[in-house]
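*Asks:* Put together the whole structure using the sequences plus the hints.
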Amino acid sequence: METNVLVTPPETQHAAALVEVKDLSKSFNGTLKAVDSISFEVYEGEIFGFLGPNGAGKSTTINMLTTILKPTSGEAVLCGHDIVKEPMEVRRSVGVVPQEYTADEDLTGIENVLLCADLYGIPRSVSKPRAMELLKLVELDSAAKRKVDTYSGGMRRRLELACGLISRPKLLFLDEPTLGLDVQTRAAVWDYIKKLKSEYRMTLFMTTHYLEEADAMCDRIAIIDHGKILRTGTPKELKDSLGGDVIEIAVKEDAGDLSEDLKRVPLVKEVLKTDHTYRITAELGEEAAPEIIDVVREKGLHISRISVTKPTLDEVYLAITGRRIRDEQANWEETVSTRMMMSRARR
Amino acid sequence: MAQPVESSEVKVSTSPLHGVWAMTNRELKKWYKAPFILAMSLVQPIIWLGLFGKAMNLGAMFNGSEFNIPGLNIPASVLNTLGATLMKSIFGTTSYFSYLAVGMLSFITLFTAMFTGMSIVWDRRFGILNKFLSTPISRNVIPASKVLNAAVRGLIQALIVLLLAVLLGMDVSHVTALGILGTFAALFLMLVGFGSLFVTLALRATSWETQMAIMNLLNLPLLFASNAMFPVSFMPSWLQPVVKVNPVSYAADISRQLLIGSTGMMSVGYEFLYLAAFAVVMAIIGQVMARRLLSK
Numbered sequence: 006m007e008t009n010v011l012v013t014p015p016e017t018q019h020a021a022a023l024v025e026v027k028d029l030s031k032s033f034n035g036t037l038k039a040v041d042s043i044s045f046e047v048y049e050g051e052i053f054g055f056l057g058p059n060g061a062g063k064s065t066t067i068n069m070l071t072t073i074l075k076p077t078s079g080e081a082v083l084c085g086h087d088i089v090k091e092p093m094e095v096r097r098s099v100g101v102v103p104q105e106y107t108a109d110e111d112l113t114g115i116e117n118v119l120l121c122a123d124l125y126g127i128p129r130s131v132s133k134p135r136a137m138e139l140l141k142l143v144e145l146d147s148a149a150k151r152k153v154d155t156y157s158g159g160m161r162r163r164l165e166l167a168c169g170l171i172s173r174p175k176l177l178f179l180d181e182p183t184l185g186l187d188v189q190t191r192a193a194v195w196d197y198i199k200k201l202k203s204e205y206r207m208t209l210f211m212t213t214h215y216l217e218e219a220d221a222m223c224d225r226i227a228i229i230d231h232g233k234i235l236r237t238g239t240p241k242e243l244k245d246s247l248g249g250d251v252i253e254i255a256v257k258e259d260a261g262d263l264s265e266d267l268k269r270v271p272l273v274k275e276v277l278k279t280d281h282t283y284r285i286t287a288e289l290g291e292e293a294a295p296e297i298i299d300v301v302r303e304k305g306l307h308i309s310r311i312s313v314t315k316p317t318l319d320e321v322y323l324a325i326t327g328r329r330i331r332d333e334q335a336n337w338e339e340t341v342s343t344r345m346m347m348s349r350a351r352r
Numbered sequence: 007m008a009q010p011v012e013s014s015e016v017k018v019s020t021s022p023l024h025g026v027w028a029m030t031n032r033e034l035k036k037w038y039k040a041p042f043i044l045a046m047s048l049v050q051p052i053i054w055l056g057l058f059g060k061a062m063n064l065g066a067m068f069n070g071s072e073f074n075i076p077g078l079n080i081p082a083s084v085l086n087t088l089g090a091t092l093m094k095s096i097f098g099t100t101s102y103f104s105y106l107a108v109g110m111l112s113f114i115t116l117f118t119a120m121f122t123g124m125s126i127v128w129d130r131r132f133g134i135l136n137k138f139l140s141t142p143i144s145r146n147v148i149p150a151s152k153v154l155n156a157a158v159r160g161l162i163q164a165l166i167v168l169l170l171a172v173l174l175g176m177d178v179s180h181v182t183a184l185g186i187l188g189t190f191a192a193l194f195l196m197l198v199g200f201g202s203l204f205v206t207l208a209l210r211a212t213s214w215e216t217q218m219a220i221m222n223l224l225n226l227p228l229l230f231a232s233n234a235m236f237p238v239s240f241m242p243s244w245l246q247p248v249v250k251v252n253p254v255s256y257a258a259d260i261s262r263q264l265l266i267g268s269t270g271m272m273s274v275g276y277e278f279l280y281l282a283a284f285a286v287v288m289a290i291i292g293q294v295m296a297r298r299l300l301s302k
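If you're matching them up, the sequences are chains U and D in order.
If you count by the working numbering, then the first sequence holds residues 6 to 352, one letter each, in order.
If you count by the working numbering, then the second sequence holds residues 7 to 302, one letter each, in order.
To be clear, the hints were calculated from the coordinates, so they are not data collected in a lab.
Treat the hints loosely; a few may be bogus.
As the list claims (entries may be wrong) - Chain D stretches covered by chain U per the calculated footprint, using a threshold of three residues with CB under 8 Å from any CB of chain U: (1) 30-40; (2) 48-60; (3) 291-298.
Stated by the list, open to error - Not the full set, but computed from the structure, chain D residues with beta-carbon under 7 Å of chain U: (4) 18; (5) 19; (6) 141; (7) 142; (8) 143; (9) 241; (10) 301.
Positions of the beta carbon are idealized from the N, C-alpha and C atoms, including for glycine.
*Replies:* In structure tokens form, the structure reads like this:
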């Protein structure tokens, strides 16, 4: 299997690399390799996504890049600063929105944002108006003086965003930004993220296990599994790597093999026959389908079923790793509910 | 050297004191903004003062009691004088309540210091610690702010206990401003020492159960193997050396010498030296371990 395929997207070819990672590894207890020699770049202004299941090494990578964990080997340079040699400079130039709800429940929204500002050494004269501006952007200004333990999940996520942005970072890390939120809230959180990104002209580095999200939001994606980057590219490139759309066609009659005839249809790349069903890979599914129907009809046969499927990242993921990312999802929801429980128990 | 890399031209402070202030402020806010917790932390010393100080009134055994030796009819005044002398020789004061009330100051601060470790465990458990570690505060700020928070809380609680004790009839004939200042200095050193110790123990703990177990293992031995409630002379000879190395004894002894004029184990100066050494050593260990353990 090919690893570490770096694809530079044409539109960002000339943008500067804000993150340069080379052969970065992290082992725990000497043996278990959580992250195994990964290399990639993140260009200025883009949204770069790490896509992979639980335990793939996404959070470990973020923790190394945000200088919480020390890498076992390899190097990484963020905004011109080495993560091992200049951790303080790295911390000053990046913002982090962690997976967990880390806001202090006993404090109000604004107090939490101001605390984050204080940790960056921003004087109150600057941080106060800035905190209000950020809370307004994520529409928490009316709840700013309320204690965080009265906030809903979506509100907390937005508060985490405001905290992560208080230092006006050039680069923002989002670790599973919509984990545990329902569909509408997820969409709303993404609206805020996009708004904040354009407002402050940031580069985003995010991790997710939601395929639709990665597809819709990321300029480029790295698929990570078992600590290794298996493929990097734009969502389109990754989907195109599958060879195109999939047309499935079922023929009523049992009348020999049509594969050779189907292969002669323009745009068709591959044909796979199982029983009465043909699985055809074609470049432009919608255009190839009518011609395929014609071929079948010319033989005097009848079609019982036909479908055209656009490739999704799910299929890309399946093709690369051999399993579906959805299988992992159940465990994620469990993790979230446990976390919620713990958070209640704390009070 | 440290160049702020903010996009806007804001002058940021890179002083570690800024971080210590912010973090300590966070902890203290959680305390004084929660009236229930604040009230509970004040109710506890009241109960202890009432229970131990008033209910276990050892002085009543000797003073003004009906006690007498049959057939001898010793006058009450002689018995009272005898009782007072006994009390004075054992406790260094004629009032057990005063003896205990001052010991209670060390006891209250010890418990406050013990709980500092818990908040680090919570912060780690909920990912808050990781968030702090990704901000440009020094690793040393985290234990320092926890200890400082414990010190402020502990001293405020001690002050309230002292006021309560005076209201409940503590002997104030020996109290001086300098004595109070010295007492709080001793309590501060004890808080720094034990606060650092329990923060260090909590640096790697991932569950609060572990931390609770450590606290439960240590709290009563530290309290009873000290002279906070009973004088060393009461104790068996094998326990006495333990009491004499326990920093709680030193804080209690300094407070008693300064506030009620007891005769101590040794001079106040030596006892201060001992407590200061304990605080400094523990603080250094805490800082070194924080540097090591907070970045894996």
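*Asks:* A separate judgement is required for each hint: does it hold in the structure or not?
*Replies:* Here is what the structure says about each hint:
1. 30-40: holds (count 6)
2. 48-60: violated (count 0)
3. 291-298: Violated: only 0 residues of the region 291-298 of chain D have a Cβ under 8 Å from chain U.
4. 18: It holds, given that the least Cβ distance between residue 18(D) and chain U is near 4 Å, below 7 Å.
5. 19: holds (4 Å)
6. 141: Holds, because the Cβ-Cβ distance from residue 141(D) to chain U comes to roughly 4 Å (cut-off 7 Å).
7. 142: holds (4 Å)
8. 143: holds (5 Å)
9. 241: Given a least distance of 40 Å, the restraint on residue 241(D) is violated.
10. 301: At about 6 Å, which falls below the 7 Å cut-off, the nearest Cβ of chain U leaves the hint on residue 301(D) intact, so it holds.
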